[in-house]
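Okay, so the sequence shown: first residue is 738 according to my numbering, each after it adds one.
FYI, nobody ran anything at the bench for these hints, they're computed from the structure. Just to be clear, a hint being listed does not mean it is correct.
[To be verified] Below, simulated DMTMM-like cross-link-like pairs (lysine to aspartate or glutamate); rule was C-alpha separation at most 20 Å, straight line: (1) 932 - 995; (2) 1007 - 1094; (3) 1083 - 1047; (4) 1049 - 956; (5) 869 - 995; (6) 932 - 1070; (7) 869 - 994; (8) 1049 - 994; (9) 1007 - 956; (10) 1049 - 952; (11) 810 - 788; (12) 1007 - 1079; (13) 810 - 796.
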Amino acid sequence: MKKNWILKFGLATMCLGFTLTSCSDDETSGNGGGSDREAGDMYVIAATVDDAAYLVLADTISSGQVSVINNGKETETSTYWIFKDKEMLIRLVYNQGNSGTGSTYYLDANGNIVEGSTFAALRFTTYGLWGKNVITASAGATATTDANGYSAYGILANYFNTTSGELSTNTYVSENFLGNGEYVGFAGFVEANDKLYTSVIPMGMSLYGIAAWPELVTDTALIASADGGTASGAYTAGTIPSTQFPDSAFVAIYSGDDFSEAPTILRTNKIGFACGRMRSQYYQTIWAADNGDIYLFSPGYGRLTTSSDDLKRITGELPSGVVRIKAGATDFDADYYYNLEELGNKHPLYRCWHITDDYFLLQFYTDGLNARGTSTLELGVFRGSTGELTMVTGLPDASILSSFGSNPFAEDDAIYMPVTTTEGSPALYRIEASTAVATKGIEIEADAVNAVGLLSPQK
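Kindly generate the complete structure, drawing on both the sequences and the hints.
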């Protein structure tokens, strides 16, 4: 595997002597269940104020107040925070179309927050954990070309080894990944049943793909006759810039420890492709219950794809829904499906997180489906085994709600969601899985709260 890393060690991660194990359901914010807090463990809250970012410690998050003003450790800004085994906190920055960057933090023996390593990586649109690695991925052009000079698209992957501190990168050609001629991206990663599960997002056909598999073009009117689009939606003449299969969802199951193997591919036509969206970022909507069952949630974004005067596209029809893969199975549960827009307040899904057992926290659009993450101020708790969706009560009134955090933290059969309002400081609200009742916890003097989790002092 090609090494392409920039590491600047202050107190190098490789010198800390970490003994990290494969990640379990409690390792990332919102991917937990019961509490594993031990004596000496501290809650770490990532927050911002006046365009500056801070990490601050707290003994409890169920009540009280804490301030980041003249308190905590100042850091560079972050897009995502990942807690790994209570040993390390990883900061990831999404830099639009440019390379991603990041750094690591831990608690020293005295309980102080210390920065470990910094790194630069290939651009990414999704992230997760895989064994000892923090992984990120995006779709992009590879160095593989055909006789016409057309570049094959693939998965651009980063593996940050949390034991050695090394960052390795690799690219994997993903043309015709699903057997339908399209290249793909990934959205979210879940370790369960000694496998890695990821939602696969078909993204249309490239020049390379159309030249290699012209018989897989379902309609030549889908091929763009001229360059078009803007930013992440820009496309090139001669390509099919959006999927021909918006009303299918795919999952890839990997058995090894990187993306070099051929995965097992699963497909269902009960829901559309499964991911949350915020422009070009893909949010995870694939999660494991504590018993190993895999739940795949789809907002139904295929409905947003429409044709124009100069380009035909396939518009999806399927609403927000959820399907299931039983633990250890290699096919979707044929008898399992729920239309989420027939439950609760009957609104489209935005994104979701695992709480505990088979309970999941769902965030919904309140003003209709869109791909920009706005008007998403409703929460509900979905139980997989019963298909029951209970809307969350006890939150601040909708008239003052401003936003929810991106990284809620699950503990003790509940999940703590950062909540920002137009009045007062943001706070963590504890949402009980079994009742969907929210109770205000710790209040943070800051502009916004980005993440919360547990770290243990390093001996």
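Taking the numbered hints from earlier one at a time, note which ones the structure violates and give those numbers from smallest to largest. 2, 3, 8, 9
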